[in-house]
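Engineer: Using the sequences and the hints, build the whole thing.
Given next are the chains, with one letter for each unit.
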Amino acid sequence: MPISCRTGCGRNAVLKRPKTGDALCKECFYWAFEAEIHYTITKGELFNRGDSVAIAASGGKDSTVLAHVLKTLNQRHDYGLNLMLLSIDEGITGYRDDSLETVKQNRDDYEMPLKILSYKDLYGWTMDEIVAQIGRKNNCTFCGVFRRQALDRGAALLNVKCIATGHNADDIAETVLMNVLRGDIARLKRCTAISTGSEGTIPRVKPLKYTYEKEIVMYAHYKKLVYFSTECVFAPNAYRGHARALLKDMEKIRPSCIMDIIYSGETMAVKEEVTLPTQGICVRCKFVSSQEVCKACVLLEGLNKGLPRLGVGKSSKAKKMLAEYNAKQEQEKGSLEQAIIDLDDSSNLIDDINQSNKVTKAKSCRSGSCKSNNKVSNGSTVNNDKCSSKECCTGKCKSNQGNDIDQGNSKINSLLEEYGINDAQKDIPNGNGHGSNVSKSNGEIVENSDEDGEVLFNDQDEENSCAGACGKMGSLQIGF
Amino acid sequence: MTDTLKLSIQFGGGAELLFDKIKKREVELPALKKYFPESLKEKWAIRELLVWIKDNLLKERPELFLQGDSVRPGILVLINDADWELFGELDYELQANDTIMFISTLHGG
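In order, the protein sequences belong to chains E and C. Here the first sequence stands for residues 1 to 480, numbered as in UniProt numbering. Here the second sequence stands for residues 1 to 109, numbered as in UniProt numbering.
In short, the hints are calculated from the structure, not lab data. It is possible that part of the hints are untrue.
What the hints assert, rightly or not - Only pairs whose alpha carbons sit at most 25 Å apart, straight line, appear in this in silico DMTMM-like list of lysine to aspartate or glutamate: (1) E:K223 to C:E16; (2) E:K26 to C:D91; (3) E:K252 to C:E48; (4) C:K21 to E:D98; (5) C:K23 to E:E101; (6) E:K252 to C:E28; (7) C:K43 to C:D81; (8) E:K223 to C:E89; (9) E:K252 to C:D91.
These numbers come from a predicted model, not from an experiment.
Structural biologist: So, in structure tokens, the structure goes:
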């Protein structure tokens with residue numbers, strides 16, 4: 001027996017709303033779904049008349065539904081918004097290239113301008129290339145950090161007032177849960193905010209904050225919206241995947257738990273003595289950061305210097321790693337000084353010195369793989385000379401290589417301070433200066449860190465875990 | 001004997017990735033007693049259909065589609081384009097020419 005719509009409209013119900021338990025027909029569901037988002041937008045004062053708004057569009061269900069609903073509401077309630085689509089091309093073959101086709105479809109369907117920014121253009125690296133360097137374990141960190149900043153850059157380019165993201169209620173609840181599980185109080189406090197962004201930065205707003213995933217999917221299904229639903233080809237974020245599975249299991253038993261977790265997150269009070277990092281501006285790229293130098297710049301520096309794990313290693317291991325590295329550098333410094341003295345006497349001796357250094361290095365190297373790393377490091381060093389001025393400094397910096405080294409140095413210094421490792425600063429600047437010896441050492445660091453599979457989750461941003469524009473990609477393999 | 005049951009089975013939202021990327025299938029179920037000789041029931045319900053799908057259609061990673069005797073939470077089931085929660089979920093008795101659709105909510109964003 002068909003159940004009739006709860007509103008008494010006379011039509012048959014097609015779904016049971018998870019939030020309220022009401023059985024509604026299609027028309028009444030559309031109305032309720034859109035009305036609630038309208039309420040969220042007006043109550044939260046997300047937009048002002050005349051604003052330009054960039055919709056972070058991945059081609060997935062959330063951003064597709066967001067674009068559709070914002071267009072609908074903008075017309076229905078005369079928000080007076082200038083809506084546009086902003087997409088990030090991470091450079092993941094077989095995944096993002098396909099989903100961007102869906103975004104282009106959105107552009108045509110919703111008649112909105114579309115801007116696509118690629119990691120390759122912004123950072124000089126595609127995710128495919130990064131994964132080739134870092135492996136499949138920590139690549140979501142890079143992807144998340146870079147995407148977050150790429151959206152900021154895109155929004156600045158488009159000159160919009162804010163970025164609307166497709167984060168839904170399930171996403172927010174999942175993030176609350178994750179932050180509780182990690183003890184990440186700073187993010188726990190800010191992850192439920194409907195609008196985020198400090199002064200001078202472009203705010204992010206989440207119009208779908210109270211919208212259940214089930215309803216988003218049902219809405220897209222009934223409205224026949226085309227969206228892209230292939231899983232990311234790279235590694236899953238297992239931790240988030242488990243949180244997600246737990247949440248889905250609980251939702252099955254008690255659907256209101258999603259709203260209840262968000263409510264808990266919103267109303268939870270944080271003790272005053274808990275110090276929270278303040279959000280500021282990265283001294284390097286001028287985009288939002290809670291550190292002096294933002295995570296994106298640190299990761300990029302690591303990539304360009306052939307130390308791809310600089311920003312992702314567990315701090316204790318990184319410390320140990322760097323201490324070993326430092327000791328080696330001291331030793332090496334001695335021999336280099338010696339080499340310089342010898343240089344005055346006879347240039348012929350240098351070859352011998354280098355030779356002996358190489359021997360020492362070869363002994364300390366644990367496997368033969370440092371040779372290939374060596375090549376990579378050298379290649380990256382060359383790349384760095386070029387890109388440090390172009391990409392890292394947003395094109396403004398025309399500095400010579402010496403300046404680049406200084407910049408790298410100060411940045412790495414603050415990174416090291418961030419990790420509480422103050423004693424290893426001397427290592428890095430040599431990276432550009434003295435080719436083979438140092439590159440070899442770099443190679444060894446890379447190799448050591450390959451054994452370190454753990455990710456420092458606390459250093460990830462709230463939206464890092466592939467929960468940025470792409471929603472749940474990170475959890476897909478686990479989450480299905 | 002006309003005990004077979006014709007159904008349309010559909011997958012969407014990424015669920016099709018577990019089924020050779022085929023989104024629509026026309027299937028014919030044998031009589032329930034033939035497929036489950038021990039069954040005390042006469043008619044196919046979603047509960048039995050899921051087992052049949054697992055045996056006949058689901059080739060990889062069954063844990064991503066099924067959990068216990070039901071679908072994995074996060075996969076929506078539509079019976080003739082309506083939420084199965086309105087129709088008794090696993091206990092819904094299949095009728096000839098029903099369309100059963102499985103939509104994953106767990107993919108992408």
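Engineer: K252 of chain E and E28 of chain C were given as a pair; does the straight-line alpha-carbon distance stay at or below 25 Å?
Structural biologist: Outside the cut-off at roughly 30 Å; violated.
Engineer: Take a quick look at whether K223 of chain E and E16 of chain C sit within 25 Å of each other, Cα to Cα.
Structural biologist: 19 Å, holds
Engineer: For K26 of chain E and D91 of chain C, compute the direct alpha-carbon distance and say whether it is at most 25 Å.
Structural biologist: Measuring from Cα to Cα gives roughly 24 Å; hence the hint holds.
Engineer: Keeping to a limit of 25 Å between CA atoms, is the pair of K43 of chain C and D81 of chain C held or broken?
Structural biologist: The given pair, whose Cα atoms are some 21 Å apart, holds under the 25 Å limit.
Engineer: Run the distance test for K23 of chain C versus E101 of chain E: straight-line Cα separation, threshold 25 Å.
Structural biologist: 20 Å, holds
Engineer: Compare the distance between the alpha carbons of K21 of chain C and D98 of chain E with 25 Å, and conclude whether the hinted pair is satisfied.
Structural biologist: 15 Å, holds
Engineer: Straight-line Cα separation of K223 of chain E and E89 of chain C no greater than 25 Å?
Structural biologist: Holds. K223 of chain E to E89 of chain C sits at ~23 Å (cutoff 25 Å).
Engineer: For a C-alpha distance cap of 25 Å, please report whether K252 of chain E and D91 of chain C respect it.
Structural biologist: 16 Å, holds
Engineer: Does E48 of chain C lie within 25 Å of K252 of chain E when you go C-alpha to C-alpha?
Structural biologist: The hint holds at about 20 Å.
Taken one by one, the earlier hints fail for this structure only at number 6.
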